[in-house]
Amino acid sequence: MKKYVVHSWTIAAVLLISATLLSCSANAQSFAGTWKYDNKASKNVGAFFESGEIRYMLKIASDGNGKMKIDHLTTTEAGWKTKTLNIDLNGPETSSTYPRGDFYLFSFEAVAIGPDQTITAKAVQGSNKSEFDVNLHYTVLVSQGTYDIVEHDHYQLSPDGNTLTVTSTRNSRVEDEPAVYVFQRGN
Amino acid sequence: MKSVTSFMGRIITFSLLAAIGLLISGSQVSAKYKEKTIHCTAMSVEGNWEINGDLPREALLISLQGLVNRTGPRLYLLYGSDYDYGNVQALLDYYHADHHVEYTMIKSIPDALAKFRKYVKGYIVYDQKIRDSIVLSFTAAGIMDGVVVAPDQVPMMKKLGFKELANYDGKFESMDTTQIYQWAYDHFWNKCSHKELIYMGGVEGKYMKPGIADLGIANRAFFFDLSTDPRGGTQYKLASMLYSKMKPFSFIFGWHSYMKDTEHSSVTLASHYALRVEGLNTNPNMSFHRWIKLPPGYKFRSHHGDLKNLKVENKIYVSFIQSDGLGIGAWLRPGRGQIPYAWEVNMYWYNYAPAILQYYYSQATPNDEFIGTLGGPSYMYPKAIPDKYRPTAFKMAARLIKDLDINMFEIFDASDSLTRDLPKKVVDEYLKYMPNEIGFVNGYGPAHTFAIEDGRPFMSFDYYLPPTRTIKEADADLEELAKMNPKRPYFICFHVREYTDVKGVMDIMKGVGPEFKIVPLDVFLKLAGMAPTFKTQYQFTR
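Going down the list, the sequences are from chains A and B.
Under this note's numbering, the final residue of the first sequence carries the number 187; numbering is consecutive throughout.
Under this note's numbering, the final residue of the second sequence carries the number 542; numbering is consecutive throughout.
Hints were generated in silico from the structure; no laboratory data involved.
One thing to keep in mind: the hints can contain errors.
Cut-off 27 angstroms, straight-line C-alpha distance, at most; resulting in silico cross-link-like pairs (DSS-like, lysine-lysine) [claimed, not checked]: (1) B/483 - A/43; (2) B/107 - B/159; (3) A/122 - B/260; (4) B/260 - B/195.
Given the structure is predicted, the values throughout are model-derived calculations rather than measurements.
All chains, please: the whole structure from these sequences, using the hints.
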């Protein structure tokens, strides 16, 4: 019987690699945190983001059981403005109320109707815990009246958990590349 | 019968003589005008605008310009091809060709100071370490008739025999910005003209671009650089106090500071006191331009579309307005004249520098239309103007627009950070006090204020083209708007920033379908008035 000799440095290396993998895995599944918008890495985004005239940030909080609060923070003359989207992964459709204001996701700055805007969202996550999908329904104001928007957002974490990519399409957009919003994990 | 014939004969003879007299008189006026050659000096102020770099030379020359141009057009400064205003050389060329302006070049500051010595009583030394001391020295320059210099330039000034009028080097080291301008207020305010204020903002840090300072020095205006952001504490309070001291409808020239407040806070505060904002801090040679007069009898005549027999088609009508087009914009860049295009006009030039407007009017092609701006007789936010001053503001704008042969008006109000829309009350006042306009356009980014009265539409921009948008993205934006607004005709009022030239817009329009049709802005407004498919809507109330 051959005797295996395990050196202490080998044990240390295995432990270190395991810890790193566990850490990455934990990070990979953790959408929670502050996400700073990366304008250079993003593409086909709303015009005001693209030109740098509007600053953008996400803050995501999770209860660990699928319920998440996604704060969209954009700059205005009066400082940061927050719109909070509530979602429930694989749960029932949720409803969120946005304060009056513009939807900068639209290049032409379409605004939702009324002083308060109701957004409904259905979020689905498969076996891959580093991604999930959200379907949003809301109504925007246009010059001829209103238009009902169906928006699909795909949230994808990078393997190291430090980059969040949100790929967005909507029913109003014709034959266009999807908007890709890239965020880097911040403090 | 004979007496009647004789009487008629006398009338005819008198009429002929009067007509001949008028002709002679007219030709004499014309000849007199032609004989009035303006001899002036031109100098380059091209440089890097760094406070510790080329600014000392540039600031000295601009202050000199303010002094020597106080009583006539004597010094014109050339800012180089990379400067914010791309029309500086072109305007001088125009004056030379059409306004009998002859100029000689001077290269050195000593030569310039020697030539204009009689206009300069001495020099004022600023502290290069304290930006506010430079701004303050411009106020002092106007009052004391001195040029501004950095400490390093003092030996040169002494050698040239000029005396020191004030020295602020080290004087304000223990003061903050508010204290410095409070000091300036205490010492200079009563000696200033109060016709205008100069907000010497713009780029900050190690740079300063005081192109407008010559006008302020010539007019002995008070200069400041104080935050107009309500969160700006003592700076905001002092700025408010200065504004409150000005008569309503006085001017604020210059521009807000890119480091301490915003365009929107600046114009909001000014509008609150019914003051007229005229940018920018970089605006050059205004002390010179104001002396170039229009030819006798000159009337502004702008191009108008054919508004007769218009027929509405089931099209997506698109019309373009370029903001800031005449000063810092794309007027001299490729494509102008090839498609219908509307250019924002700085209406105050009518009184302040009419020859600049004459230059643009003379160059306009039939495709170049003008639209009056912005909100009032100058840049003003109507929602922020006190109710009692708003009718006057609109009437002043109406008068200017009429004198400029324009019949369209544009509004932008960012006094509410959450919306660019206007309440019905304000829209109704525009329609009432600006009765000759065939239509109005509101917004910057798209807005959603739409109304109509007697075929006169009050519309908002549906599309905003920022500087970074690609052709493909812009085409997708337009197609998306067309999908979201399914009724035809559909009217897209399209805002183009000064960064994009007409050719760039043409490239965008090549990528959209045949349903899109470009029309002149006045035709666009008329058609929208005939077939208003937009929904009447105003600013939502909170």
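Results for each hint:
1. B/483 - A/43: Holds - the C-alpha atoms of residue 43 of chain A and residue 483 of chain B are around 22 angstroms apart, at most 27 angstroms.
2. B/107 - B/159: Holds, at about 18 angstroms.
3. A/122 - B/260: violated (42 angstroms)
4. B/260 - B/195: Judged against 27 angstroms, a Cα distance of about 25 angstroms means the pair holds.
Violated hints amount to a single one, hint 3; each of the other numbered hints is respected by the structure.
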